[in-house]
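Enquirer: Now for the letters of each chain:
Protein chains: 2
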Amino acid sequence: MSQKNLMIAQSGGPTTAINASLAGIVEAGKNSGQFDHIYGALNGVEGLLSRRIINLGEQLADKHALDLLACTPAMALGSCRYRMPVPGSTEAKEIYAQIEQIFEEYHVSCFFYIGGNDSMDTAHKLSLYFSERGKDIRVIGVPKTIDNDLPVTDHTPGFGSAAKFIATSMQEIIRDSEVYNVQSVTIVEIMGRNAGWLTAASCLPRYLGEHAPHLIYLPEVPFSFEKFLEDVTREHEKHKAVIVAVSEGVRTPDGKYAAESNQSGKTDAFGHKYLAGIGKYLEELVTEHIGCKVRSIELNVPQRCSAHLASKTDLDEARLIGQKAVQAALAGETGKMMVFKRLSNQPYQVSISSCDIGMVAFQEKTFPEKWICQNGTFINEEGFEYLLPLIQGEISQEKQNGLPVHFLFQKEKLV
Amino acid sequence: MSQKNLMIAQSGGPTTAINASLAGIVEAGKNSGQFDHIYGALNGVEGLLSRRIINLGEQLADKHALDLLACTPAMALGSCRYRMPVPGSTEAKEIYAQIEQIFEEYHVSCFFYIGGNDSMDTAHKLSLYFSERGKDIRVIGVPKTIDNDLPVTDHTPGFGSAAKFIATSMQEIIRDSEVYNVQSVTIVEIMGRNAGWLTAASCLPRYLGEHAPHLIYLPEVPFSFEKFLEDVTREHEKHKAVIVAVSEGVRTPDGKYAAESNQSGKTDAFGHKYLAGIGKYLEELVTEHIGCKVRSIELNVPQRCSAHLASKTDLDEARLIGQKAVQAALAGETGKMMVFKRLSNQPYQVSISSCDIGMVAFQEKTFPEKWICQNGTFINEEGFEYLLPLIQGEISQEKQNGLPVHFLFQKEKLV
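Here the protein sequences come in this chain order: L and B.
Okay, so the first sequence: first residue is -8 according to our numbering, each after it adds one.
Okay, so the second sequence: first residue is -8 according to our numbering, each after it adds one.
Worth double-checking, as some hints may not be accurate.
Because identical chains share one entry, a pair is satisfied inside a single copy or across any pair of copies.
Unchecked claim - BS3-like, lysine-lysine: derived pairs with alpha carbons at most 25 Å apart:
| id | residue 1 | residue 2 |
| --- | --- | --- |
| 1 | K303 | K390 |
| 2 | K126 | K402 |
| 3 | K84 | K54 |
| 4 | K218 | K390 |
| 5 | K402 | K229 |
| 6 | K402 | K231 |
| 7 | K(-5) | K284 |
| 8 | K404 | K247 |
| 9 | K(-5) | K247 |
| 10 | K361 | K402 |
| 11 | K402 | K284 |
| 12 | K229 | K404 |
| 13 | K404 | K231 |
| 14 | K356 | K(-5) |
| 15 | K404 | K126 |
| 16 | K361 | K54 |
| 17 | K21 | K126 |
| 18 | K(-5) | K361 |
| 19 | K303 | K404 |
| 20 | K361 | K303 |
Simulated from the structure, these hints should not be mistaken for laboratory data.
Predicted model only: the values in this text are computed from it and were never measured.
So here's chain L without its partners, still in its complex pose:
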């Protein structure tokens, strides 16, 4: 009898939760007893096409390894930025045929792709191809993105941990900002090119008893430099240390990124072009027009890889959605993405199901207008109630010599 094997790949940008989903798929695959081998392709579809494949079942030999993996940030299998060719093109036919051949070679009956928008598109196209060819190779997409911008699902694995890091850092920055008895502005720049979910999460400390942040700026609300200066001046009447959160993706009404819209493109002595982020830009604007102490803080990459501060809710759900993906495939589903449906906020309850993956690819879910208040500079209670459950709980990460222990695959051990 021929083998039945399971293949997993990861793609898109790193998150803190993407390896928890990987762990969930591996353990459910093992526990099902339905697979001879569980494989992982390195660097997404790129590694699949070049047969850079490792044996996950072997390398994740016990629960300890799976638990370590689940708390390791960034995709342990590596990522790629590969976009599948348009279906019907000659190039597409070749690529799909190659993947089909590789799957047959490795006896793959179920393929799981953990990723964001682009990865769901890849999974969608592959599942269509296999269906058309009458092949029983099931393809399931498992969502992840810190941006929380995938449609259909209530939220995405990875978002809760990034939100917890941002809320905690904001709270600590509030402490740091209050120590001097002088007028000041602190600007915190937060990830999110098109959706303001992460910037909205910076409001959580205020909901929980802090008096700050005072102002937030989301990509969903057209940005005005004049209004920003007016807002800060108004807040200074109430607070010496005004604290602002701004999304990297805020845009002026003409649709340009605000950080770019006023830059001259001039170069310095070495010929370097000046293209700072919005935080730095607003810092300089405050210096010039308000003249008080000001600084900007870009939270940067730690937003998506600070596993030491992961949300337990997020990692638990990410692992569970991986397990459920295996169950869905074994029940015969294909061409689906796993989704969360929120049943209630208090107590927090979600169910996990699946949706047609075609509903997801290239759709973007932005922060709802009905949750934005204070003339575009804050979020309301409904928004808070949505966000709060997602940052709950702390994980216990194994430490050695004062640093977290990460799980690393032996990537040179190809099968």
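Add chain B to chain L, keeping to what the hints say.
Expert: Just chain B now, kept in the frame of chain L:
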């Protein structure tokens, strides 16, 4: 019989450990039974001079409050950037006389100033003044600075927690940097204008099994842009993802900050001057001269306020050095700064004593040349052994709704 009271103030830049020292002084002051009241001046000497004084004994009523305070980042009493006038000047005489009067008014017999270099200078001058006037008001300095640049003491409270945050973040950034199978450079910019202790701490992950960071640049080693590009190119022969840590304070051989030395001072459309940090600058240099994927990450303010990732060793020591400061004052010492002396690395043992505070003010301890290796781009085993004990142990911070609980004084309740 007249009262005997204890007064505390905090000054300089925020750290994660400065409130642990405050907690240590308050609890030792209470436990000694030698003081009627324990007071805190808000915003350092500035608040003292304007009689903005609160009752710490009352506001820190129990161990729970003290424990919360010890895990709260940034100075809970507030800070100032006040420099005492030169002794002998008319201005100085007036200020010292004012402080003497306030101390008499509040029956202060012992004054503790928790701070860095400038604060030790203030404490030094005050202690000289009181001695000259024959007043038995004891003045003790308690060190703190994330920069670890105070002389005499083996290390400073606050450094270990900043080092742990930097080492952990570096390890997570290494994970994030490895996901794509392409040539890349990641540049992490770390605090420290004059001393490279914090940048050196970024090496800890490599000592503990990671292969990165590959290159570090300290303020102690003259910086060359050409050598930097050569170093990165050489490392790319061994590693696809080259990871670099650079101190914000690196200087070119002419003594200028490297980030400034090549900038034109040109302004953009709004008249803003371009003055980026060294990380951003090196990022652009790599783009231009090497041309691979590159990004820079400024760890910024979270380095000094990420209490959620504090080193237990650091916070325990910070609290203990506060307690010992009270014992020193009660034993009759004045004009002293408390210091750590390292007895051994393995097992890690320190003793706490005091030194003449005049030995400390305006002195700077940089990272030792003998611990720098690989042509200025890494630190050796002796350096590692010095650093490693300081990041050990995790604290258990009280959480509420997924965020840490911070202790805040009621600053409007003046005595």
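Enquirer: Compare the structure with each hint and give your call.
Expert: Each hint, compared with the structure:
In this assembly of identical chains, the alpha carbons of K303 and K390 lie at most 25 Å apart whether taken from the same copy (17 Å) or from different copies (13 Å). Neither within a single protomer nor between protomers do K126 and K402 lie at most 25 Å apart by alpha-carbon distance, with minima of 30 Å and 71 Å respectively. Proximity of K84 to K54 under the C-alpha cut-off of 25 Å is found in neither arrangement, the shortest distances being 40 Å within a copy and 70 Å between copies. For the homomeric pair K218 and K390, neither the shortest alpha-carbon distance inside one copy (47 Å) nor that between copies (36 Å) is at most 25 Å.
Taking the closest pair of Cα atoms, K402 and K229 come within 25 Å of each other only across two copies (16 Å); inside a single copy the shortest separation is 56 Å, beyond that limit. Proximity of K402 to K231 under the C-alpha cut-off of 25 Å is restricted to the inter-copy arrangement: shortest distance 14 Å between copies versus 53 Å within a copy. In this homomeric assembly, K(-5) and K284 never come within 25 Å of each other (Cα to Cα): the closest approach is 64 Å inside a single copy and 39 Å across copies. In the homo-oligomer, the alpha carbons of K404 and K247 never lie at most 25 Å apart, since the shortest distance is 47 Å inside one protomer and 49 Å across protomers.
Taking the shortest alpha-carbon separations for K(-5) and K247, neither the intra-copy value of 50 Å nor the inter-copy value of 65 Å comes in at or below 25 Å. In this assembly of identical chains, K361 and K402 lie within 25 Å of each other by CA distance neither inside one copy nor across copies; the values are 47 Å within and 37 Å between. In this homomeric assembly, K402 and K284 come within 25 Å of each other (Cα to Cα) only across copies, at 22 Å, whereas the closest approach inside a single copy is 49 Å. Taking the shortest alpha-carbon separations for K229 and K404, only the inter-copy value of 19 Å comes in at or below 25 Å, while the best intra-copy value is 61 Å.
Taking the shortest Cα distances, K404 and K231 sit within 25 Å of each other only across copies (19 Å), while inside one copy they are farther apart (58 Å). When the C-alpha separation of K356 and K(-5) is checked against a cutoff of 25 Å, the pair qualifies neither within a copy, at 37 Å, nor between copies, at 64 Å. Within a single copy, K404 and K126 get their C-alpha atoms no closer than 29 Å, and across copies no closer than 75 Å, so neither meets the 25 Å cut-off. Within a single copy, K361 and K54 get their C-alpha atoms no closer than 44 Å, and across copies no closer than 45 Å, so neither meets the 25 Å cut-off.
Taking identical chains as interchangeable, the C-alpha atoms of K21 and K126 lie at most 25 Å apart only when both belong to the same chain, with a minimum of 23 Å there against 77 Å between chains. For the homomeric pair K(-5) and K361, neither the shortest alpha-carbon distance inside one copy (48 Å) nor that between copies (59 Å) is at most 25 Å. Taking the shortest alpha-carbon separations for K303 and K404, neither the intra-copy value of 32 Å nor the inter-copy value of 39 Å comes in at or below 25 Å. Taking CA atoms no more than 25 Å apart as the test, K361 paired with K303 passes in neither setting, with 28 Å inside one copy and 44 Å between copies.
Figure legend: structure checked against the earlier numbered hints; hints not met, in rising order: 2, 3, 4, 7, 8, 9, 10, 14, 15, 16, 18, 19 and 20.
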